[in-house]
Amino acid sequence: MVKKRKITWINILQIVTIVLLLAYMQYAVDSGKISKIFIASPKMIWDDAVKSIKTGVLLPNLILTLQEVFVGYFLAAAVGISIALLWTLFPKLEEYMDVFCQAIMAVPKTAILPLLILWFGIGFQSKVVLIFLFTVFQILYNTVTGAKQTDIKYLKVAKVFQANRLQIVFHIMIPAAIPSLFNGLKLAAATALTGVVFSEMQSAKGGLGYLLSEAQNLLNSARMFFIIILVTVISVLFVQIIHLIEYLVCHKWQQKIHDV
Amino acid sequence: MPAIKANKIEKYYQSADGEMVHALKDVTLEIKDGEFVAIVGPSGCGKSTFLEIVAGLLSADQGEVFLDDKKITGTSREIGVVFQDASLFPWRTIKRNIAFGMETAKVPKEEQEERLAHYIEMMNLKGFEHKFPSQLSGGMRQRAGIARTLVMNPQAILMDEPFSAVDHLTRCTLQDELIKLREAEKKTILFVTHDINEAVYLADRVILFSPRP
Ligand SMILES: Nc1ncnc2c1ncn2[C@@H]1O[C@H](COP(=O)(O)OP(=O)(O)OP(=O)(O)O)[C@@H](O)[C@H]1O
Ligand SMILES: [Mg+2]
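Chains as they are written, first to last, in the numbering used here: chain Z, 1 to 260; chain V, 1001 to 1213.
Keep in mind the hints are simulated off the structure, nothing from the lab. Remember, predicted model here, so these are calculated numbers, not experimental data. Quick reminder that beta carbons are idealized off the backbone N, C-alpha and C, glycines included. There's no promise every hint is true.
To spell it out: a stretch of chain V is covered by chain Z in this simulated footprint if at least three of its residues, at any positions, have a beta carbon under 8 angstroms from a beta carbon of chain Z; those stretches are [unchecked claim]:
no. : segment
1   : 1080-1088
2   : 1099-1111
3   : 1125-1134
Taking lysine-lysine pairs in the BS3-like style, the calculated list, with each CA pair at most 30 angstroms apart, reads [to be verified]:
no. : chain 1 : residue 1 : chain 2 : residue 2
4   : V       : Lys1109   : Z       : Lys153
5   : V       : Lys1131   : Z       : Lys153
6   : Z       : Lys92     : Z       : Lys153
7   : V       : Lys1109   : Z       : Lys159
8   : Z       : Lys156    : V       : Lys1005
9   : V       : Lys1106   : V       : Lys1186
10  : V       : Lys1180   : Z       : Lys159
11  : Z       : Lys156    : V       : Lys1186
12  : V       : Lys1187   : V       : Lys1070
13  : Z       : Lys252    : V       : Lys1106
14  : V       : Lys1126   : V       : Lys1187
15  : V       : Lys1187   : Z       : Lys153
16  : V       : Lys1095   : Z       : Lys156
17  : Z       : Lys92     : Z       : Lys6
18  : V       : Lys1187   : Z       : Lys159
19  : V       : Lys1131   : Z       : Lys159
20  : V       : Lys1180   : Z       : Lys156
21  : V       : Lys1025   : V       : Lys1005
22  : V       : Lys1126   : V       : Lys1070
23  : V       : Lys1109   : Z       : Lys252
24  : Z       : Lys6      : Z       : Lys252
25  : Z       : Lys252    : Z       : Lys153
26  : V       : Lys1106   : Z       : Lys153
27  : V       : Lys1187   : Z       : Lys205
28  : Z       : Lys252    : Z       : Lys54
29  : V       : Lys1186   : Z       : Lys159
30  : Z       : Lys54     : Z       : Lys43
31  : V       : Lys1008   : Z       : Lys156
32  : Z       : Lys156    : Z       : Lys252
33  : V       : Lys1131   : Z       : Lys148
Using the sequences and the accompanying hints, generate a full structural model.
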């Protein structure tokens, strides 16, 4: 149910606030009140954006980062969901694997970056592995927890109708876990980009994080602002895409609070 | 039709703080073939517990339940259960909810369709087959829950406060539908409610459970 939102006076106030803030930034930088090294004016950021696109600096790096994110993310989703399914089917397997997964999950991912670089180099592979490690457990544990929290009343219905283990898992526990599966996917989408940008800043031959650290070295604040804004927008879009998929999959049967 | 016999049932629960709750004490009850028995009692007196033991969902700590002369050790297709809030699966359409038992029993597709058509018609759910439970009223959900049980043609039906979640008028309609249904297909019915009027109106015999011992 998509409702048309009316533009209220609060919305107008919000827009005015943003415009004023941008105008002040422009004024403060132009008049030299704040050094260009610290803050770039909106105009400078815009010019730099146009320049980086025209000179062909942006596109290959953007594509590289997106590739790293998507490959890592989809690997994590595929593996996370598969393991969750196996654990739900075979609880003994979870009993056995859980402690290992918890241990790997507990390692701060940023701390193993040097090791990953040693093993996989500073290119594509180490980024993919890092994103995979960043996100796979969020997806796995959210899904498994969702399956475990299947409402007992549904399980009673299954029992009464003599459903076997396979039917219980596929017809009841997995559908019941879908909302938390998507929560995991959304959390992971938000972290995936953080992970890749961080690792590209540490060491890389390209990518948005690489552009960011390069700009930092050159004290190019306009470029830094531009990349930060770009990364934020991509991150939000990514989460929104997952949101949309979730909506398409389960809006028909999911009762939302605002629909009641 | 089968008779249900419960013999000296005792049930204890271990509550979270380690205390033992004596939920059922020495419950002996016989429901005759084709009889409609209602159990009435205050909240927490063990009605649901008893029903779940008869359904084979819970095991008694002592005593036993028989369906005809077979001891009940687990759920069976002979005993159907209608749950308090219908307990439909939100991710299945009404039709697929009603078909759930036939799917698990691997009933052939054509026969499924036939039986579905019959009970959807009977329970007045025509036109709502492809809706999801959240798109239906409470009364309709309840009827779908009943249809899901009837479509399996169990010999005995256990109902746990099936009409408690609907408004008074819907409730009256559902009650009359249940009476008609009972005349149409003679079944042994055990009906749990906390509404004594409902119990007297529907049942051949009313059994009163006393508050917790
Ligand atoms: N899983 C459980 N763990 C511990 N105690 C329980 C559990 N289930 C029920 N009980 C206790 O057993 C007693 C009987 O519960 P039961 O659900 O059978 O009551 P009821 O008669 O169906 O009540 P209501 O009319 O409210 O549904 C209650 O005191 C309840 O607190
Ligand atoms: Mg109850």
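We went through each hint and held it up to the structure:
1. Residues of the segment 1080-1088 of chain V lying with their CB closer than 8 angstroms to a CB of chain Z number 5, which satisfies the three-residue condition for coverage.
2. Requiring three or more residues with a Cβ within less than 8 angstroms of a Cβ of chain Z, the coverage given for the segment 1099-1111 of chain V holds, as 5 such residues are present.
3. Only when three residues or more bring their CB closer than 8 angstroms to a CB of chain Z does the claim for the segment 1125-1134 of chain V stand; here the count is 3, and the claim holds.
4. Straight-line distance between C-alpha atoms of Lys1109/V and Lys153/Z comes to about 27 angstroms, which keeps the hinted pair within the 30 angstroms bound.
5. Restraint check: the Cα-Cα separation between Lys1131/V and Lys153/Z comes to about 21 angstroms, which is no more than 30 angstroms; the hinted pair holds.
6. Under the criterion of a C-alpha separation no larger than 30 angstroms, the hint pairing Lys92/Z with Lys153/Z is consistent with the structure, at around 24 angstroms.
7. Proposed proximity of Lys1109/V and Lys159/Z is supported: the alpha carbons are some 22 angstroms apart, at most 30 angstroms.
8. Distance hint between Lys156/Z and Lys1005/V is fulfilled; the C-alpha atoms sit about 22 angstroms from each other, no more than 30 angstroms.
9. This hinted pair checks out: Lys1106/V and Lys1186/V have alpha carbons roughly 25 angstroms apart, not beyond 30 angstroms.
10. A hinted pair counts as satisfied when its Cα atoms are at most 30 angstroms apart, and Lys1180/V with Lys159/Z qualifies at roughly 28 angstroms.
11. Distance check on the hinted pair: Lys156/Z and Lys1186/V sit about 25 angstroms apart at the alpha-carbon level, within 30 angstroms; holds.
12. Distance hint between Lys1187/V and Lys1070/V is fulfilled; the C-alpha atoms sit about 18 angstroms from each other, no more than 30 angstroms.
13. Note on Lys252/Z and Lys1106/V: the hinted pairing holds, with a Cα-Cα distance of about 27 angstroms set against a maximum of 30 angstroms.
14. With a C-alpha separation of about 24 angstroms, the suggested pairing of Lys1126/V with Lys1187/V holds against the 30 angstroms cut-off.
15. A threshold of 30 angstroms between alpha carbons decides the hint, and for Lys1187/V with Lys153/Z the separation of about 24 angstroms falls inside it, so the pair holds.
16. The hinted pair formed by Lys1095/V and Lys156/Z meets the criterion: a straight-line CA distance of about 20 angstroms does not exceed 30 angstroms.
17. The straight-line distance between the Cα atoms of Lys92/Z and Lys6/Z is roughly 54 angstroms, outside the 30 angstroms bound, and the hint therefore fails.
18. A threshold of 30 angstroms between alpha carbons decides the hint, and for Lys1187/V with Lys159/Z the separation of about 21 angstroms falls inside it, so the pair holds.
19. Restraint check for Lys1131/V and Lys159/Z: the C-alpha separation of about 25 angstroms stays at or below 30 angstroms, so the hint holds.
20. Restraint check for Lys1180/V and Lys156/Z: satisfied, since their Cα atoms lie roughly 28 angstroms apart, inside the 30 angstroms limit.
21. Straight-line distance between C-alpha atoms of Lys1025/V and Lys1005/V comes to about 16 angstroms, which keeps the hinted pair within the 30 angstroms bound.
22. Of the pairs offered as hints, the one joining Lys1126/V and Lys1070/V is violated, with about 38 angstroms between alpha carbons and a cut-off of 30 angstroms exceeded.
23. For a cut-off of 30 angstroms, the pair hint linking Lys1109/V to Lys252/Z stands: about 25 angstroms separates their Cα positions.
24. Between Lys6/Z and Lys252/Z, the direct Cα distance comes to roughly 25 angstroms. Compliance with the 30 angstroms bound is thereby established for this hinted pair.
25. Between the alpha carbons of Lys252/Z and Lys153/Z the distance comes to roughly 21 angstroms, so the proposed pair stays at or under 30 angstroms and holds.
26. For the hint linking Lys1106/V to Lys153/Z, the alpha-carbon distance of about 22 angstroms falls within 30 angstroms, and the restraint holds.
27. The straight-line distance between the Cα atoms of Lys1187/V and Lys205/Z is roughly 76 angstroms, outside the 30 angstroms bound, and the hint therefore fails.
28. Note on Lys252/Z and Lys54/Z: the hinted pairing is violated, with a Cα-Cα distance of about 45 angstroms set against a maximum of 30 angstroms.
29. Pair hint Lys1186/V plus Lys159/Z holds up; C-alpha atoms about 25 angstroms apart against a cutoff of 30 angstroms.
30. For the proposed pair Lys54/Z and Lys43/Z, the alpha carbon gap of about 16 angstroms is at most 30 angstroms, so the pair holds.
31. Of the supplied pair hints, the one linking Lys1008/V and Lys156/Z holds, its CA atoms being roughly 24 angstroms apart against a limit of 30 angstroms.
32. For the proposed pair Lys156/Z and Lys252/Z, the alpha carbon gap of about 24 angstroms is at most 30 angstroms, so the pair holds.
33. Between the alpha carbons of Lys1131/V and Lys148/Z the distance comes to roughly 27 angstroms, so the proposed pair stays at or under 30 angstroms and holds.
Checked against the numbered hints given earlier, the structure breaks hints 17, 22, 27, 28 and satisfies all the rest.
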